[in-house]
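> Going line by line, the protein sequences match chains A and B.
Here this note's numbering is used: the first residue of the first sequence is 1, the next is one more, and so on.
Here this note's numbering is used: the first residue of the second sequence is 1, the next is one more, and so on.
If you are wondering where the hints come from, they were derived from the structure by calculation, not from laboratory data.
All residues carry an ideal CB built from backbone N, CA and C; glycine is no exception.
Hints may be right or wrong, so weigh each one.
To be verified - Pulled a few chain B residues facing chain A out of the computed Cβ check, cut under 10 Å: (1) I70; (2) R71; (3) I143; (4) S146; (5) Y151.
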Amino acid sequence: MNNIKYVRLMGFRKFKDTTITFNEHLNIIVGENEAGKSTVVEAIEIVINQLYKNADKSIIKELINIEDYNDFKKHPSIENLPKIYIEVGLELDTSINSSTYSGIEYYDTDRKTNNTGISFKCEINDELKDIASNIISNGNIPYECYSFKWKTFAGTPYNSLIKPIKYLGINTSNIETNNTYNNYNKSLFNNKIQELDRVKAKGNYSEKIDKILEDEIFTIDENRKFGINRKKVILENIINIVEGGVPIENKGSGMENLIKTKMALEKKNNNDIISIEEPENHLSYNNLRKMIKEIEDREKSAQIIITTHSSMIVSSLNLKNVILLNNSIPKRFNELDDTVADYFNKSDNNKLLEFILSKRVILVEGNTEYILFPNFYEKINKSSIDKDNISIISVGGLGYKNFIYIAEILNKEMVVITDNDKNEEKIKEINDYNQKSTNIKIYTDQDKNRWTIEVCIYEDNKELLDRIIQVKDNAKYYFNGIDYGKTLGKMLNNKTDTAIKILNENIEIPNYIKGAMQWIKKLC
Amino acid sequence: MDKKIMLAVAGAGKTYELCHSINKQQRNFLLAYTNENIKNIEKEVIDKFGEIPKETKILTFDSFLYRYFIRPYELLIFENFKVERFETKGVDILHTPEPAYKNGGYNPKYKKKDNIEHYIINKRYYCSRIPELILDIKDLFNIAISNINNYCDYIYIDEVQDFRKEHYKVLEKIIKKCNNILMVGDYWQHSVSGQNNSGIPFKDTTYQDYIDKLKKIDLKVDDTTLKKSRRCSRNVCNFVRKKLNIDIEASDILKEGNVSFVSNDSEIKEILENDDIVKLLNKNSKIYSFHSINWSYSKGDTYKDICVILTDDYQELENENFILSKDTITNNQLYVALTRASRNVYILTKDKFYEHRKKYLKKC
Numbered sequence: 001m002n003n004i005k006y007v008r009l010m011g012f013r014k015f016k017d018t019t020i021t022f023n024e025h026l027n028i029i030v031g032e033n034e035a036g037k038s039t040v041v042e043a044i045e046i047v048i049n050q051l052y053k054n055a056d057k058s059i060i061k062e063l064i065n066i067e068d069y070n071d072f073k074k075h076p077s078i079e080n081l082p083k084i085y086i087e088v089g090l091e092l093d094t095s096i097n098s099s100t101y102s103g104i105e106y107y108d109t110d111r112k113t114n115n116t117g118i119s120f121k122c123e124i125n126d127e128l129k130d131i132a133s134n135i136i137s138n139g140n141i142p143y144e145c146y147s148f149k150w151k152t153f154a155g156t157p158y159n160s161l162i163k164p165i166k167y168l169g170i171n172t173s174n175i176e177t178n179n180t181y182n183n184y185n186k187s188l189f190n191n192k193i194q195e196l197d198r199v200k201a202k203g204n205y206s207e208k209i210d211k212i213l214e215d216e217i218f219t220i221d222e223n224r225k226f227g228i229n230r231k232k233v234i235l236e237n238i239i240n241i242v243e244g245g246v247p248i249e250n251k252g253s254g255m256e257n258l259i260k261t262k263m264a265l266e267k268k269n270n271n272d273i274i275s276i277e278e279p280e281n282h283l284s285y286n287n288l289r290k291m292i293k294e295i296e297d298r299e300k301s302a303q304i305i306i307t308t309h310s311s312m313i314v315s316s317l318n319l320k321n322v323i324l325l326n327n328s329i330p331k332r333f334n335e336l337d338d339t340v341a342d343y344f345n346k347s348d349n350n351k352l353l354e355f356i357l358s359k360r361v362i363l364v365e366g367n368t369e370y371i372l373f374p375n376f377y378e379k380i381n382k383s384s385i386d387k388d389n390i391s392i393i394s395v396g397g398l399g400y401k402n403f404i405y406i407a408e409i410l411n412k413e414m415v416v417i418t419d420n421d422k423n424e425e426k427i428k429e430i431n432d433y434n435q436k437s438t439n440i441k442i443y444t445d446q447d448k449n450r451w452t453i454e455v456c457i458y459e460d461n462k463e464l465l466d467r468i469i470q471v472k473d474n475a476k477y478y479f480n481g482i483d484y485g486k487t488l489g490k491m492l493n494n495k496t497d498t499a500i501k502i503l504n505e506n507i508e509i510p511n512y513i514k515g516a517m518q519w520i521k522k523l524c
Numbered sequence: 001m002d003k004k005i006m007l008a009v010a011g012a013g014k015t016y017e018l019c020h021s022i023n024k025q026q027r028n029f030l031l032a033y034t035n036e037n038i039k040n041i042e043k044e045v046i047d048k049f050g051e052i053p054k055e056t057k058i059l060t061f062d063s064f065l066y067r068y069f070i071r072p073y074e075l076l077i078f079e080n081f082k083v084e085r086f087e088t089k090g091v092d093i094l095h096t097p098e099p100a101y102k103n104g105g106y107n108p109k110y111k112k113k114d115n116i117e118h119y120i121i122n123k124r125y126y127c128s129r130i131p132e133l134i135l136d137i138k139d140l141f142n143i144a145i146s147n148i149n150n151y152c153d154y155i156y157i158d159e160v161q162d163f164r165k166e167h168y169k170v171l172e173k174i175i176k177k178c179n180n181i182l183m184v185g186d187y188w189q190h191s192v193s194g195q196n197n198s199g200i201p202f203k204d205t206t207y208q209d210y211i212d213k214l215k216k217i218d219l220k221v222d223d224t225t226l227k228k229s230r231r232c233s234r235n236v237c238n239f240v241r242k243k244l245n246i247d248i249e250a251s252d253i254l255k256e257g258n259v260s261f262v263s264n265d266s267e268i269k270e271i272l273e274n275d276d277i278v279k280l281l282n283k284n285s286k287i288y289s290f291h292s293i294n295w296s297y298s299k300g301d302t303y304k305d306i307c308v309i310l311t312d313d314y315q316e317l318e319n320e321n322f323i324l325s326k327d328t329i330t331n332n333q334l335y336v337a338l339t340r341a342s343r344n345v346y347i348l349t350k351d352k353f354y355e356h357r358k359k360y361l362k363k364c
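Using the sequences provided together with the hints, build the complete structure.
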């Protein structure tokens, strides 16, 4: 099936030189704000649909890489002029027409392997270099002398009218504001309607446009009258989608978003590749679930590219499909173990995305840790977790092992703080793990009698806690049927309340926690 | 793997046979040397399928080479010459590349093979040097042919006798490495459009030598299926066989038609002035006002009645003791001319023609 294998971005917006490899079916691009998620989608649109083909050259100013721009400003010369190169590697069928996309006309090759794809180049036009030299020596970039060139890997000029794959993009984040290019409607129109019918409709349309003012007596003088500028009323630019007599953009952003996605995903609408930017926008929980279901249904028969900030989308559409953008080398999870992906799929963990995006992590198991650790960190390290770019993430239950797999893939710096659960085996396992691991350490109390954080805190602060935790004479405070003494018993039975209560007390921090905090601080 | 060449005689229906061998479910390249041939192929394919099938591409050999051996691999080419990459603009057919020797001496304008200007002028590739370029760049041919094999099941080539020198060398490599190939050609029509027959595969090569050469590159040679002319009458075929020593037979579809030498002045006048009878001249047919064409340009054409106007070499053609000259090119051209008619062939000797020609010269 036809799909995008990779996109290479050079000198384009925030990317100096980055290659993103795609999965055959589903791709979920995640990353912080400004990580370049939309830029990747834009790049695909530039290459395959020839976005900006007819745009004013001043757009180039927005598209070039800022570092390239600054380098040029420092040393203005023809060689230092910023340029953009984008390459989309395609997986195509082996029909004879695909041969016009195949060759070694792509960047940085071993010069031996034929590949299929399309490239886009934006740089100064060879023939205009002389004219531009004046502008350049004044330290300015001669955008007007730039040209856009699209080529297939076979070296043939590329024309999106006969594109080998049909791409449709939905951008929900600026659905209302930025509709100048009308891309969605235009692409759907082009993908859905046969070329012959389109040409007919366009001819019809311009014929009628010419007639509008024909009978009017809008004369200027003897020889001149007012007419209509046809270039400004191109059919594709004003095409609209109407449902039950109502244009869909009048239906509210949420509905518009849902309808557009539904249409994009419908098989009969002939889209090979569909990109959906931030589908969670404007959608209620229920509608988002619905949309995810539709994406899952279509997933195997098209290539879908999603950008998102939603943990729900990440976990329910399978972590293996995630592509993380956070530096120049994107991270993929396609080799992640199925059972791990499955775990996140089932657990619907709403911390998953935060975890993936975090730089350094303190991974904890419960609420007590989550409440107390920011304070502990400050006390021990005389700094704050925000300042040191550390996220405290609570996984609850027994799941930390699954997070470790992911942290390993991402080379994340992470410390796990866990209870030993009275389990010698677990302590040994943890110590073994720490022997091998450098970026990730697990801390737990080495004494199996100190089996949970409450026990450790109580034992290290008996006097203080006996004083501030109020117990009733007639209550037993058994925990799981065992008598741990009244104060500790109450602490175990009311973990969250206790944590809040001791939050502002000057307590002695158990040693294994101290160790963990000091270790992660050293990495900062 | 199926690799075959069918050797034919004039009017045997080469293009028809080739186009009717196509399986439209398969991915095919249909190639020929000249644009006229390409037009004939397109017409034949559309006759057969109603349209050009989606998975079939028809193009001249030169554009095939440019599109599948040059353009996708310019990175390799520029790397080879160690020059900075510039944007090329296609193929040049206007200029003849400077040869190494000119007027009996070394040509100072000649660019050596290690200079990219040997192959490129004004950012365009010399059309005639493209095959040489393909053969000169390391790995280029192999990378390109493996790409072609990925997208093509069958290559079909019409008028294979038109391929000479470097073009033939590249063709030979393609034959060896491609998936499947079917070629048709008429040995006796080789060199008809060229100035000379130097270079491979025809220089000092008899019909039998040629067949042996083809067999050596593992081609199946079929010289029986297309040995009967569907165009020409029995009388014309017999005449050609006898006078030109070419093994041509008429097909079983009986065709009326005669070969006659015309000497009667009024008859000559009538023939020259009848525009339904096409006059075939060795060259310069354009200077006459009557309906005419050069021998070599008539290749591939069919007319009803023709009048072949001979040159000095064939003054004695009518004579029982006529001996064929060693000028292969002109002999082949005459063969082409004589086999254009589906009915009558009138023959006019040069001497006879010169008695009348003045009257038909176009006014300048």
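> Does each hint hold? Answer for all of them.
Quick rundown of the hints versus the structure:
Taking 10 Å as the C-beta contact cut-off toward chain A, the hint placing I70 of chain B at the interface holds, the least distance being around 8 Å. Checking R71 of chain B against chain A by beta carbon gives a least distance of about 4 Å; that is within 10 Å, so the hint holds. A distance limit of 10 Å between C-beta atoms decides the matter here; for I143 of chain B the minimum to chain A is near 6 Å, and the interface restraint holds. Of the supplied interface hints, the one on S146 of chain B holds, with its beta-carbon coming within about 7 Å of a beta-carbon of chain A, less than 10 Å.
Interface restraint check for Y151 of chain B: the shortest CB-CB distance to chain A comes to about 4 Å, inside 10 Å, so the restraint holds.
Comparing the model with each numbered hint stated earlier shows that all of them hold.
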